[in-house]
Amino acid sequence: MDPVTIRLLTSWELRPVLFLLLLFMATLYTLGWQRLRVQRRSRRLARPWRLIFYWLAIIFIIVSLMSPIEVLSGDLFFMHMIQHLLLTMFAAPLLMLANPLPFLLWGLPRKLRRRFGRILSRLLNQKSRFRQAARSSTTPAIVWLIMLSTLWIWHDTRMYELALRREWAHDLEHFTFFASAALYWWLVTGAGPRIHKNMSYFGKVGYLLAGIPSTFILGVAIAFAASPLYPYYETRPRLLNLTVMDDQTIGGIIMWVAGSMMYVLAAVAVIGVWMVEQERRQQLRMRGQRPETRDERPEMEDL
Amino acid sequence: MIKKIYFTSIFILIVGILALLPVTAYGHGGGRPQLFREPAGPYLVSVWSLPDPMTVGEVNLVVLVTGNQEGAVDNYILDADIDISLRRGLSTVETRATHDQATNNLFYESYFDIDRAGTWNVNVTVNGPAGEGTASFSMDVLDEGGTSINWLFYGGIGVGILVIVGLIWQFMTEEEEV
Chain G
115 MDPVTIRLLT
125 SWELRPVLFL
135 LLLFMATLYT
145 LGWQRLRVQR
155 RSRRLARPWR
165 LIFYWLAIIF
175 IIVSLMSPIE
185 VLSGDLFFMH
195 MIQHLLLTMF
205 AAPLLMLANP
215 LPFLLWGLPR
225 KLRRRFGRIL
235 SRLLNQKSRF
245 RQAARSSTTP
255 AIVWLIMLST
265 LWIWHDTRMY
275 ELALRREWAH
285 DLEHFTFFAS
295 AALYWWLVTG
305 AGPRIHKNMS
315 YFGKVGYLLA
325 GIPSTFILGV
335 AIAFAASPLY
345 PYYETRPRLL
355 NLTVMDDQTI
365 GGIIMWVAGS
375 MMYVLAAVAV
385 IGVWMVEQER
395 RQQLRMRGQR
405 PETRDERPEM
415 EDL
Chain P
55 MIKKIYFTSI
65 FILIVGILAL
75 LPVTAYGHGG
85 GRPQLFREPA
95 GPYLVSVWSL
105 PDPMTVGEVN
115 LVVLVTGNQE
125 GAVDNYILDA
135 DIDISLRRGL
145 STVETRATHD
155 QATNNLFYES
165 YFDIDRAGTW
175 NVNVTVNGPA
185 GEGTASFSMD
195 VLDEGGTSIN
205 WLFYGGIGVG
215 ILVIVGLIWQ
225 FMTEEEEV
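Heads up: the sequence lines are chains G and P, in that order. Each position in the first sequence, counted from 1, maps to that position plus 114 in this note's numbering. Each position in the second sequence, counted from 1, maps to that position plus 54 in this note's numbering.
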């Protein structure tokens, strides 16, 4: 391996505080998962794949924020796109699939857990105004609009340049990307707190496909731009010997193809789960058993 | 009781924000370009400075050295000694930029203190396998205590937290009254 590649691959930005925080959250989740796993009532909630997904989400966050991807994202546009993709299309959905709320709660000491549980049940009970307000402000259409506008606004030349030149703006950019993606995937995965009506499989597929234009249109616009959109990169060294335009085109293609592909893959996965569910229901019916409805699921799953 | 709920809500929010913090943390700008592919003997030298704008206190210079070949593929010089000297009147700062201090290992970096505001003349001397070269520039250092926009950002987050907590509190107390 040539020395330049070795240097690049060993360029990690290790951040002890961030790393410890992630480790703390992962430990809390694992502890909660174990506690729920040993209880008969919540065994179905604490499935092994949830634990695996949570840890994978943590790993994706570490890779996107501490690995050479983060180090190079300041110099190469396409690396910045990969970083955003990892955060919004890998870390956020995996985190939501892991349904962190009940597990993090159960990871807490009993006293603290009960206190938080009381507050959450007061805030999120059916009659709560907070729940109603949260529910009406996070409808699928609003969340879709939030996600799309967040992505597009931050890719405006001035906003993107601001994020590259000012650390606080870059922080805000990552925060809003992740938060809007988490909101979007929260609705798709139905993770806790469940304050919305459960989206049908058909609705989920439609909602996922509706996500495609957000990355598709922007990715195409960036990939086919005739001139550099972000002058900042003209003041950076041309690492990997890519010109500013090559770098920009690759970044646009990543957003366009890989970004859109993730929605398609997620939609295919939902269709797969849907088919398996249909088959299971049919088998239950054939055996003369009634398949359970969502309302009959264990209470913890609705948290 | 309400006080208890109020402080617990704050705690929950802080934990919630901490849970999201990993994703927001530490965006890094590349700094202000001071030199970009400036010829220095057999090399091309690029230098960026942080913070931007530069203020009295700890500063960071980031240096990249490539071979001085026109039109050729960038040839990174990874085994040079980079000496930096800064002068302002009678004040002098001497420092060395190394890979060990750099985040990106293709670069050389140096962290050091500047104790006086004003215009500093900076010489970057590269001593590598192809020989020696020097590039120069001057940079303005401002007095400490200028407005830091980070405070606005974090202040904004603080105000946001208070507003959310206040709303939650209001929702909770309203429901208690019901």
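Simulated from the structure, these hints should not be mistaken for laboratory data. Incorrect hints may appear among the rest.
[Claimed, not checked] Covered stretches of chain P (in silico footprint by chain G; criterion: 3 or more residues with CB under 8 Å from a CB of chain G, positions within the stretch not fixed):
1) 128 to 135
2) 172 to 178
[As the list claims (entries may be wrong)] What follows is a list of derived Cβ distance ranges for each label pair:
3) G:Val382 <-> P:Gly209: 42 to 48 Å
4) G:Pro342 <-> P:Gly121: 40 to 46 Å
5) G:Gln148 <-> P:Asn181: 56 to 62 Å
6) G:Lys311 <-> P:Asp167: 55 to 61 Å
7) P:Thr157 <-> G:Gln396: 31 to 37 Å
8) G:Arg155 <-> P:Ile218: 43 to 49 Å
Cβ atoms here follow ideal geometry from the backbone N, Cα and C, with glycine treated the same way.
Hint check results:
Beta-carbon proximity to chain G at under 8 Å applies to 3 residues in the segment 128 to 135 of chain P; the threshold of 3 is reached and the given coverage holds. Remark: the segment 172 to 178 of chain P is not confirmed as covered by chain G, as 0 of its residues place a Cβ nearer than 8 Å to a Cβ of that chain, below the required three. The supplied range of 42 to 48 Å is met by G:Val382 and P:Gly209, whose beta-carbon atoms lie about 45 Å from each other. Checked against the hint of 40 to 46 Å, the C-beta distance between G:Pro342 and P:Gly121 comes to roughly 25 Å, which is inconsistent with it.
At roughly 58 Å, the beta carbons of G:Gln148 and P:Asn181 sit within the given window of 56 to 62 Å. Checking the proposed 55 to 61 Å range against G:Lys311 and P:Asp167 shows it holds: the Cβ atoms sit about 60 Å from each other. The hint said 31 to 37 Å for the Cβ distance between P:Thr157 and G:Gln396, and at roughly 56 Å that hint is violated. Checking the proposed 43 to 49 Å range against G:Arg155 and P:Ile218 shows it is violated: the Cβ atoms sit about 33 Å from each other.
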